[in-house]
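K.L.:
Residues per chain, in single letters:
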Amino acid sequence: ELKVEQNPLFLSMQEGKNYTIYCNYSTTSDRLYWYRQDPGKSLESLFVLLSNGAVKQEGRLMASLDTKARLSTLHITAAVHDLSATYFCAVDRGSTLGRLYFGRGTQLTVWP
Amino acid sequence: DTEVTQTPKHLVMGMTNKKSLKCEQHMGHRAMYWYKQKAKKPPELMFVYSYEKLSINESVPSRFSPECPNSSLLNLHLHALQPEDSALYLCASSQVNLIVTDTQYFGPGTRLTVL
Chain A
1 ELKVEQNPLF LSMQEGKNYT IYCNYSTTSD RLYWYRQDPG KSLESLFVLL
51 SNGAVKQEGR LMASLDTKAR LSTLHITAAV HDLSATYFCA VDRGSTLGRL
101 YFGRGTQLTV WP
Chain B
1 DTEVTQTPKH LVMGMTNKKS LKCEQHMGHR AMYWYKQKAK KPPELMFVYS
51 YEKLSINESV PSRFSPECPN SSLLNLHLHA LQPEDSALYL CASSQVNLIV
101 TDTQYFGPGT RLTVL
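Just so you know, the sequences run in chain order A and B. Each residue of the first sequence is one higher than the one before, starting from 1 at the first, in the numbering used here. Each residue of the second sequence is one higher than the one before, starting from 1 at the first, in the numbering used here.
Keep in mind the hints are simulated off the structure, nothing from the lab. Glycine residues also receive a C-beta, built at the ideal position from the N, C-alpha and C atoms. Among the clues, some could well be false.
As the list claims (entries may be wrong) - Below are the BS3-like pairs computed for lysine-lysine, each with C-alpha atoms no more than 27 Å apart in a straight line:
{"hint": "1", "chain 1": "A", "residue 1": "LYS3", "chain 2": "B", "residue 2": "LYS36"}
{"hint": "2", "chain 1": "A", "residue 1": "LYS3", "chain 2": "B", "residue 2": "LYS40"}
{"hint": "3", "chain 1": "B", "residue 1": "LYS41", "chain 2": "A", "residue 2": "LYS41"}
{"hint": "4", "chain 1": "B", "residue 1": "LYS9", "chain 2": "B", "residue 2": "LYS53"}
{"hint": "5", "chain 1": "B", "residue 1": "LYS18", "chain 2": "A", "residue 2": "LYS41"}
{"hint": "6", "chain 1": "A", "residue 1": "LYS41", "chain 2": "B", "residue 2": "LYS40"}
{"hint": "7", "chain 1": "A", "residue 1": "LYS41", "chain 2": "B", "residue 2": "LYS9"}
{"hint": "8", "chain 1": "A", "residue 1": "LYS68", "chain 2": "A", "residue 2": "LYS3"}
{"hint": "9", "chain 1": "A", "residue 1": "LYS3", "chain 2": "B", "residue 2": "LYS22"}
{"hint": "10", "chain 1": "B", "residue 1": "LYS9", "chain 2": "B", "residue 2": "LYS41"}
{"hint": "11", "chain 1": "B", "residue 1": "LYS53", "chain 2": "B", "residue 2": "LYS40"}
{"hint": "12", "chain 1": "B", "residue 1": "LYS41", "chain 2": "A", "residue 2": "LYS56"}
{"hint": "13", "chain 1": "A", "residue 1": "LYS56", "chain 2": "A", "residue 2": "LYS41"}
{"hint": "14", "chain 1": "B", "residue 1": "LYS19", "chain 2": "B", "residue 2": "LYS41"}
{"hint": "15", "chain 1": "B", "residue 1": "LYS40", "chain 2": "B", "residue 2": "LYS9"}
{"hint": "16", "chain 1": "B", "residue 1": "LYS22", "chain 2": "A", "residue 2": "LYS41"}
{"hint": "17", "chain 1": "A", "residue 1": "LYS3", "chain 2": "B", "residue 2": "LYS38"}
{"hint": "18", "chain 1": "B", "residue 1": "LYS19", "chain 2": "A", "residue 2": "LYS41"}
{"hint": "19", "chain 1": "B", "residue 1": "LYS36", "chain 2": "B", "residue 2": "LYS22"}
{"hint": "20", "chain 1": "B", "residue 1": "LYS53", "chain 2": "B", "residue 2": "LYS36"}
{"hint": "21", "chain 1": "B", "residue 1": "LYS40", "chain 2": "A", "residue 2": "LYS17"}
{"hint": "22", "chain 1": "B", "residue 1": "LYS36", "chain 2": "A", "residue 2": "LYS41"}
{"hint": "23", "chain 1": "A", "residue 1": "LYS41", "chain 2": "B", "residue 2": "LYS38"}
{"hint": "24", "chain 1": "A", "residue 1": "LYS56", "chain 2": "A", "residue 2": "LYS17"}
{"hint": "25", "chain 1": "B", "residue 1": "LYS9", "chain 2": "B", "residue 2": "LYS22"}
Stated by the list, open to error - Here are the in silico distance ranges between beta carbons for each label pair:
{"hint": "26", "chain 1": "A", "residue 1": "MET13", "chain 2": "B", "residue 2": "LYS38", "range": "23 to 29 Å"}
{"hint": "27", "chain 1": "A", "residue 1": "LEU9", "chain 2": "B", "residue 2": "THR103", "range": "23 to 29 Å"}
{"hint": "28", "chain 1": "B", "residue 1": "SER62", "chain 2": "A", "residue 2": "VAL80", "range": "42 to 48 Å"}
{"hint": "29", "chain 1": "B", "residue 1": "GLU84", "chain 2": "A", "residue 2": "SER26", "range": "25 to 31 Å"}
{"hint": "30", "chain 1": "B", "residue 1": "GLY14", "chain 2": "A", "residue 2": "GLN57", "range": "44 to 50 Å"}
{"hint": "31", "chain 1": "A", "residue 1": "GLU44", "chain 2": "B", "residue 2": "ASN97", "range": "20 to 26 Å"}
{"hint": "32", "chain 1": "B", "residue 1": "MET15", "chain 2": "A", "residue 2": "GLY53", "range": "49 to 55 Å"}
{"hint": "33", "chain 1": "B", "residue 1": "PRO8", "chain 2": "A", "residue 2": "LEU2", "range": "42 to 48 Å"}
{"hint": "34", "chain 1": "B", "residue 1": "ASN17", "chain 2": "A", "residue 2": "GLY53", "range": "51 to 57 Å"}
{"hint": "35", "chain 1": "B", "residue 1": "ASN97", "chain 2": "A", "residue 2": "LEU71", "range": "23 to 29 Å"}
{"hint": "36", "chain 1": "B", "residue 1": "HIS79", "chain 2": "A", "residue 2": "ASP66", "range": "45 to 51 Å"}
{"hint": "37", "chain 1": "B", "residue 1": "ASN17", "chain 2": "A", "residue 2": "LYS68", "range": "31 to 37 Å"}
Isolated chain A, as found in the complex (with noise of 0.2 Å):
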């Protein structure tokens, strides 16, 4: 079964500061998502990453793949307290059918 890491599960960061979320896994994907969550609310899409070297931004936050090392970041820049949320990566292996494996989520929270 393909497994999926990410780390830290939990970081506390100060505002202005820089950080990164891992999430490797386990055998080969075809997708790679990312999807932040806040408390008791739902999944919003952040990004869908396709292809090796792929890297996507949107605002202070940018995912990357490399489907070699099977390992994608997301990268924050200049964190606010905005940010501050629970984050997910999930992988699919395209061959079966909507099945998407998830990390355990990183709770990021961004203090002043």
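Since the structure of chain A is provided, determine the placement of chain B on it from the hints.
P.N.:
Leaving out everything else, chain B in the frame of chain A:
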């Protein structure tokens, strides 16, 4: 419009009740999903419908019964639930190209409490 709607937002039910959760999307997506999420855990896949046919059932107990009446609607019928079934139930939908699915868009969820 990338909206998936779910009703009700909150549901409290006893162990002998029968209730249903509803999910709707009008994005033309042909794959729809039910997930269960416990606090501080990732979502767990329960069921997948593709072109209105059940394609994945993750060994979910029979007290959960999914139904896909048409391509826009997905129901989850609940009967004789246990307190440990209390969770956030999320519906999602996605495009399908042959057997490859695209980004899943999630609804706001139904917070279920079983007494």
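K.L.:
Look at each hint and say if it fits the structure.
P.N.:
Each hint, compared with the structure:
1. With a CA separation close to 19 Å, the supplied pair LYS3 of chain A and LYS36 of chain B stays within the 27 Å bound.
2. This hinted pair checks out: LYS3 of chain A and LYS40 of chain B have alpha carbons roughly 18 Å apart, not beyond 27 Å.
3. Straight-line distance between C-alpha atoms of LYS41 of chain B and LYS41 of chain A comes to about 13 Å, which keeps the hinted pair within the 27 Å bound.
4. Taking the CA atoms of LYS9 of chain B and LYS53 of chain B, the gap is near 26 Å; set against the 27 Å cutoff, the hint holds.
5. Proposed proximity of LYS18 of chain B and LYS41 of chain A is supported: the alpha carbons are some 25 Å apart, at most 27 Å.
6. Proximity of LYS41 of chain A to LYS40 of chain B is assessed by CA-CA distance (about 12 Å); at most 27 Å being required, the pair is judged to hold.
7. Annotation: proposed proximity of LYS41 of chain A to LYS9 of chain B holds, straight-line Cα distance about 11 Å (limit 27 Å).
8. Taken as a hint, the LYS68 of chain A and LYS3 of chain A pair is honoured in the structure, with Cα atoms around 16 Å apart against an allowance of 27 Å.
9. For the hint linking LYS3 of chain A to LYS22 of chain B, the alpha-carbon distance of about 31 Å lies beyond 27 Å, and the restraint is violated.
10. Between LYS9 of chain B and LYS41 of chain B the alpha-carbon distance is near 20 Å, which keeps this suggested pair within the 27 Å criterion.
11. Under the criterion of a C-alpha separation no larger than 27 Å, the hint pairing LYS53 of chain B with LYS40 of chain B is inconsistent with the structure, at around 31 Å.
12. Proximity of LYS41 of chain B to LYS56 of chain A is assessed by CA-CA distance (about 26 Å); at most 27 Å being required, the pair is judged to hold.
13. Distance hint between LYS56 of chain A and LYS41 of chain A is fulfilled; the C-alpha atoms sit about 24 Å from each other, no more than 27 Å.
14. Taken as a hint, the LYS19 of chain B and LYS41 of chain B pair is honoured in the structure, with Cα atoms around 25 Å apart against an allowance of 27 Å.
15. Proposed proximity of LYS40 of chain B and LYS9 of chain B is supported: the alpha carbons are some 19 Å apart, at most 27 Å.
16. Restraint check for LYS22 of chain B and LYS41 of chain A: the C-alpha separation of about 17 Å stays at or below 27 Å, so the hint holds.
17. Of the pairs offered as hints, the one joining LYS3 of chain A and LYS38 of chain B holds, with about 19 Å between alpha carbons and a cut-off of 27 Å not exceeded.
18. Between LYS19 of chain B and LYS41 of chain A the alpha-carbon distance is near 22 Å, which keeps this suggested pair within the 27 Å criterion.
19. Of the supplied pair hints, the one linking LYS36 of chain B and LYS22 of chain B holds, its CA atoms being roughly 14 Å apart against a limit of 27 Å.
20. For a cut-off of 27 Å, the pair hint linking LYS53 of chain B to LYS36 of chain B stands: about 20 Å separates their Cα positions.
21. For the hint pairing LYS40 of chain B with LYS17 of chain A, the CA-to-CA distance comes to about 25 Å; that is within 27 Å, so the pair holds.
22. Note on LYS36 of chain B and LYS41 of chain A: the hinted pairing holds, with a Cα-Cα distance of about 13 Å set against a maximum of 27 Å.
23. The suggested pairing of LYS41 of chain A with LYS38 of chain B holds, with an alpha-carbon distance near 12 Å, which does not exceed 27 Å.
24. Taken as a hint, the LYS56 of chain A and LYS17 of chain A pair is honoured in the structure, with Cα atoms around 20 Å apart against an allowance of 27 Å.
25. Annotation: proposed proximity of LYS9 of chain B to LYS22 of chain B holds, straight-line Cα distance about 10 Å (limit 27 Å).
26. Hint check: MET13 of chain A to LYS38 of chain B, Cβ distance near 26 Å, so the stated range 23 to 29 Å holds.
27. The supplied range of 23 to 29 Å is met by LEU9 of chain A and THR103 of chain B, whose beta-carbon atoms lie about 24 Å from each other.
28. For SER62 of chain B and VAL80 of chain A, the Cβ-Cβ distance of about 47 Å falls inside the hinted range of 42 to 48 Å, so the restraint holds.
29. In this structure the hint that GLU84 of chain B and SER26 of chain A lie 25 to 31 Å apart at CB holds, the actual value being about 29 Å.
30. As the Cβ distance of GLY14 of chain B to GLN57 of chain A is approximately 49 Å, the hint placing it in 44 to 50 Å holds.
31. As the Cβ distance of GLU44 of chain A to ASN97 of chain B is approximately 23 Å, the hint placing it in 20 to 26 Å holds.
32. Checked against the given bound of 49 to 55 Å, the beta carbons of MET15 of chain B and GLY53 of chain A, roughly 52 Å apart, stay inside it.
33. For the pair PRO8 of chain B and LEU2 of chain A, the supplied restraint of 42 to 48 Å is violated, since their beta-carbon distance comes to about 34 Å.
34. Taking 51 to 57 Å as the suggested C-beta distance range, the pair ASN17 of chain B and GLY53 of chain A conforms, at roughly 52 Å.
35. Between ASN97 of chain B and LEU71 of chain A, the C-beta spacing of about 26 Å keeps the proposed range 23 to 29 Å intact.
36. Checked against the given bound of 45 to 51 Å, the beta carbons of HIS79 of chain B and ASP66 of chain A, roughly 46 Å apart, stay inside it.
37. At about 52 Å, the beta-carbon gap between ASN17 of chain B and LYS68 of chain A misses the expected band of 31 to 37 Å.
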